[in-house]
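**Student:** Chain by chain, the residues:
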Amino acid sequence: MAAIPWKKWAGAGESIQTVRILVRREIRDALRDWRIVTPIVILTLFFPALMSFVADLALDWVARYGAPIIGERIIPFLLMVVGFFPISFSLVIALETFVGEKERNSLEPLLATPLTDAQLYMGKMLAAMVPPLLAAYLGFAVYLAGLYFFKGWTPEPELLILMIALTTAEGLVMVSAAVVLSSQATSVRAANLLASFVIVPMALLLQGEAIIMFYANYGVLWWILLFLIVVDVILVRMGVHLFNREELLGREIDELNLGSVWRTFKAHFVWERWFFGRDVEKGPFWLKLLGTICGLYLRELPALLRRSWLAFVLVGIGICGAVFVGCDLASRYNLPAEALRLEKLTPEMFTALPDWGWLPNFTPLGIFINNVRALVLAWLLAIFSFGTLAVALLMAPLAIVFFFAAQAARLGYDPLLFLATFVLPHGLFELPAAIIATALSVRLGAALMSPPHGTTVGENWLRALAEFTKAFLALTLPLLALAAVIEVYITPLIVILTFSRL
Amino acid sequence: MQKHDGHPPSDDLLQQSSDSGIMYTPMIELLNLTKKFDDFTAVDQVTLSVAAGEIVALLGPNGAGKTTTVRMIGGILRPTEGRAIVAGYDVTGHPREVRRRVGFLTEHPGLYLRMRGREYLEFFGGLMGLTARETERRAIELLDKLDMREAWERRMGTYSKGMRQKMALVRALLHDPPVLLLDEPTSAMDPHSARLVRDAIFTLRDHRRAIVLCTHNLTEAEALADRIAIIRRGRIVALGSIAELKHRLLGPPVMELQLACPVDGVLDLVSNVVKIDGYGDRWLRYTTSDPQVTNPRVLQLLASQQAPVVTLSELPRSLEEVYLRVIEEM
Chain V
1 MAAIPWKKWA GAGESIQTVR ILVRREIRDA LRDWRIVTPI VILTLFFPAL MSFVADLALD
61 WVARYGAPII GERIIPFLLM VVGFFPISFS LVIALETFVG EKERNSLEPL LATPLTDAQL
121 YMGKMLAAMV PPLLAAYLGF AVYLAGLYFF KGWTPEPELL ILMIALTTAE GLVMVSAAVV
181 LSSQATSVRA ANLLASFVIV PMALLLQGEA IIMFYANYGV LWWILLFLIV VDVILVRMGV
241 HLFNREELLG REIDELNLGS VWRTFKAHFV WERWFFGRDV EKGPFWLKLL GTICGLYLRE
301 LPALLRRSWL AFVLVGIGIC GAVFVGCDLA SRYNLPAEAL RLEKLTPEMF TALPDWGWLP
361 NFTPLGIFIN NVRALVLAWL LAIFSFGTLA VALLMAPLAI VFFFAAQAAR LGYDPLLFLA
421 TFVLPHGLFE LPAAIIATAL SVRLGAALMS PPHGTTVGEN WLRALAEFTK AFLALTLPLL
481 ALAAVIEVYI TPLIVILTFS RL
Chain B
1001 MQKHDGHPPS DDLLQQSSDS GIMYTPMIEL LNLTKKFDDF TAVDQVTLSV AAGEIVALLG
1061 PNGAGKTTTV RMIGGILRPT EGRAIVAGYD VTGHPREVRR RVGFLTEHPG LYLRMRGREY
1121 LEFFGGLMGL TARETERRAI ELLDKLDMRE AWERRMGTYS KGMRQKMALV RALLHDPPVL
1181 LLDEPTSAMD PHSARLVRDA IFTLRDHRRA IVLCTHNLTE AEALADRIAI IRRGRIVALG
1241 SIAELKHRLL GPPVMELQLA CPVDGVLDLV SNVVKIDGYG DRWLRYTTSD PQVTNPRVLQ
1301 LLASQQAPVV TLSELPRSLE EVYLRVIEEM
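Same order as they appear, the protein sequences are chains V and B.
Counting along the first sequence from 1, when you hit position 498 you're at 498 in the numbering used here, and nothing is skipped either side.
Position in the second sequence (from 1) plus 1000 gives the number in the numbering used here.
Since the hints were made in silico from the structure, they are not lab data.
Wrong hints could be hidden among the right ones.
In silico negatives: residues of chain V with every beta carbon more than 12 Å from chain B [stated by the list, open to error]:
#, residue
1, 41
2, 112
3, 148
4, 194
5, 197
6, 218
7, 276
8, 337
9, 345
10, 350
11, 362
12, 386
13, 409
Now the stretches of chain B that chain V is said to cover, found in silico as 3 or more residues with beta-carbon under 8 Å [as the list claims (entries may be wrong)]:
#, region
14, 1070-1077
15, 1099-1106
16, 1118-1128
Glycine included, each C-beta is placed from N, C-alpha and C at the ideal position.
Construct the complete structure from the given sequences, taking the supplied hints into account.
**Tutor:** Spelled out as structure tokens, the structure:
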């Protein structure tokens, strides 16, 4: 029978009520801990008032030296700092949520209630979020009131909205990531150690934001906000998906079991021999070898690539983005005509490419190593960024290629001819190799987010790693080797032959 | 509720009779219940049923699988294999419904020490779906029963160990569940408090609650339980009423006869009826597998010889002997 809407709403109402009970208790408990309350009060009232005073002094001081611009930039920067300091406490509260309760033995009674995993997760997350966020908003108010009182300064509405939104999004990123860590750690100590994975990226982000604020380039901050919202969605989804009461209660010690890691990896790495229906296992050595190769290339790898369709779609979107970015940059930054004289290209110019400083030796080995290095770097970045930075790393060279293609078009060359000669010969092999490696890196990064039902995060990650390794060794490396040879010996010939006739 | 086939393994130790005279309305039915953590099997093919108004004690060494079993019954852990039906609900399919109907006293009280007793019980009452008024009425009633009304407004951090344990029991009973899982209910309690808790458990049994008790306190298990299940390495290795287990594991009961005169005069006569295991100046012991028949005959014989009998009683054998026998033999 179809669900009756009012029943659905009644269920949602009950859920909200349950989460509210949980949040209220958590907040009440947190606010009774002087170790939490004292710093929040200091950072909410004392610190913003101090910052307001500092901003006032700084404005007067820089004005004396005729540099009021510095003062103007300090005020919004301090506004950001005033908001960020209280929310940094949300990390401490969130890290403690599950694993702290487990250490105090108060988790099991909670798990014995009819609370669902999602209710428990959301309740804990909100409880960790609300007090520091309220403290941050209060800190804003105190700081702005001080500035208004001292200087009569009021923020632009855009700046205020941006700061509130950025602070909220940063708080949510820290809390959702910390709750994930807390639900996966076996002790508060372990959770605190793992917190580096939250603190270091957030510190880097804050430094970046600070630099941007001194340039007063708020447009970039809106993009950062969008990025943070995407990360929030990923982390909350990941947290709800990974939260598992069994794991919380069952896991007492996290032991690194290399034997088990290897067995899991191997189980997903090996494939079945197959040779057009013949009984390969009972056949001679050559048939087994053929079975191994055919099993890999005709069955295993196609199935693996089909399973990764979503990652390929994401990579495809990234490529489209790269094309857009390249063309957009070309329309804004024009190269001088003499910088792109394609009809004057010579073989020596190709071999002299390493002289530019950041390009590899123009030999098959140099190019091969460079490409492998880039894809391994993408793989590494994917692990720490849920796959997103792997796509970004693929987008960068493609954006450059399309930047030059668009420049060529602007200078009167046929852009399709440009792409067909400069990119297509080796790109036929290099692009699929890069796309496959990037897509499987994305899968590896995303494997942390949503393991299939009945599979642990570790198992899912090892599976993705085994599949990446298999495809990298069997497809990417041979394709890259072939592409490198073509790029060195064939592409320059085609380019020179084509454009010297123009 | 449909009765599920809860036949235990054929081992004669694993008999699920209800000699204790309990009308059998199963509230908990476990059928080949198994729980694995990676390669480790914590609970292995456990089959057991507990009736409404019955207390079953789970005994076993540390790490035997008792807590994992009760966590599965309580809908906290999902079984790897097998089934568990609790108060009519399958723990795998309807864990929330199961949790609504189970009162779970965990091994550690796990209280929030910065909260007052009132706040704590209001919190759990809310999670269990009780109104504030219902929670207060029920909490006061239970606190009174356990002689700790003073705890209502006190911060739990100031409670003694026993009070914390009792508060945890109140939390488990707050929503008046038909099934109770009690893990070491009287540990850390003084004798008076332990007595109050035991009385409360008896009252709950009288109100037809199905109770599973996990304990290392064998005296308490003997005093409270209608049936005993001994778990070792995740398997139930002995199951039955205390009398059954004693009979099966320690042999027929040994009777001790105390006389007001020397036994020499009656020794030959008595040995014609029963096999005498030992005797002293004014006492003798014999083993009988059928005391209902044998004892009246012995007394009749002694009366006919005008031998003055002081007492005839079964020699006490503790549950501890049964337990150690099972653990050592298995």
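**Student:** Over 12 Å from every CB of chain B: does residue 41/V meet that, or does the non-interface label fail?
**Tutor:** Per Cβ check, residue 41/V is outside 12 Å of chain B; nearest 18 Å; holds.
**Student:** Hey, is residue 350/V genuinely clear of chain B, shortest beta carbon separation above 12 Å?
**Tutor:** It holds; residue 350/V is separated from chain B by about 56 Å at its closest Cβ, greater than 12 Å.
**Student:** When you look at the beta carbon of residue 386/V, is every beta carbon of chain B farther off than 12 Å?
**Tutor:** Label holds. Min Cβ-Cβ 26 Å, cutoff 12 Å.
**Student:** Residue 112/V clear of chain B by more than 12 Å, beta carbon to beta carbon?
**Tutor:** Violated, because the least Cβ-Cβ distance between residue 112/V and chain B comes to about 4 Å, which does not exceed 12 Å.
**Student:** Do at least three Cβ atoms from the region 1070-1077 of chain B come closer than 8 Å to Cβ atoms of chain V?
**Tutor:** Holds, because 5 residues of the region 1070-1077 of chain B bring their Cβ atoms closer than 8 Å to Cβ atoms of chain V.
**Student:** Would residue 409/V pass as off the interface with chain B, using Cβ distances and a cut of 12 Å?
**Tutor:** The claim holds: residue 409/V sits with its nearest Cβ about 59 Å from chain B, beyond 12 Å.
**Student:** Beyond 12 Å from chain B, beta-carbon-wise, is residue 148/V?
**Tutor:** holds, 38 Å
**Student:** Grab the minimum beta-carbon distance between residue 362/V and chain B and tell me whether it stays above 12 Å.
**Tutor:** holds, 52 Å
**Student:** Please count how many residues of the region 1118-1128 of chain B have a CB within 8 Å of a CB from chain V and say whether that reaches 3.
**Tutor:** With 6 residues close enough to chain V, the hint holds.
**Student:** Taking the shortest Cβ-to-Cβ distance between residue 218/V and chain B, state whether it exceeds 12 Å.
**Tutor:** Label holds. Min Cβ-Cβ 43 Å, cutoff 12 Å.
**Student:** Please verify that the nearest CB of chain B lies beyond 12 Å from residue 276/V's CB.
**Tutor:** holds, 38 Å
**Student:** Could you check that no beta carbon of chain B comes within 12 Å of the beta carbon of residue 194/V?
**Tutor:** The claim stands: residue 194/V keeps its Cβ more than 12 Å from every Cβ of chain B (closest is about 21 Å).
This entry does not satisfy hint 2, going by the numbered hints stated previously; all others are met.
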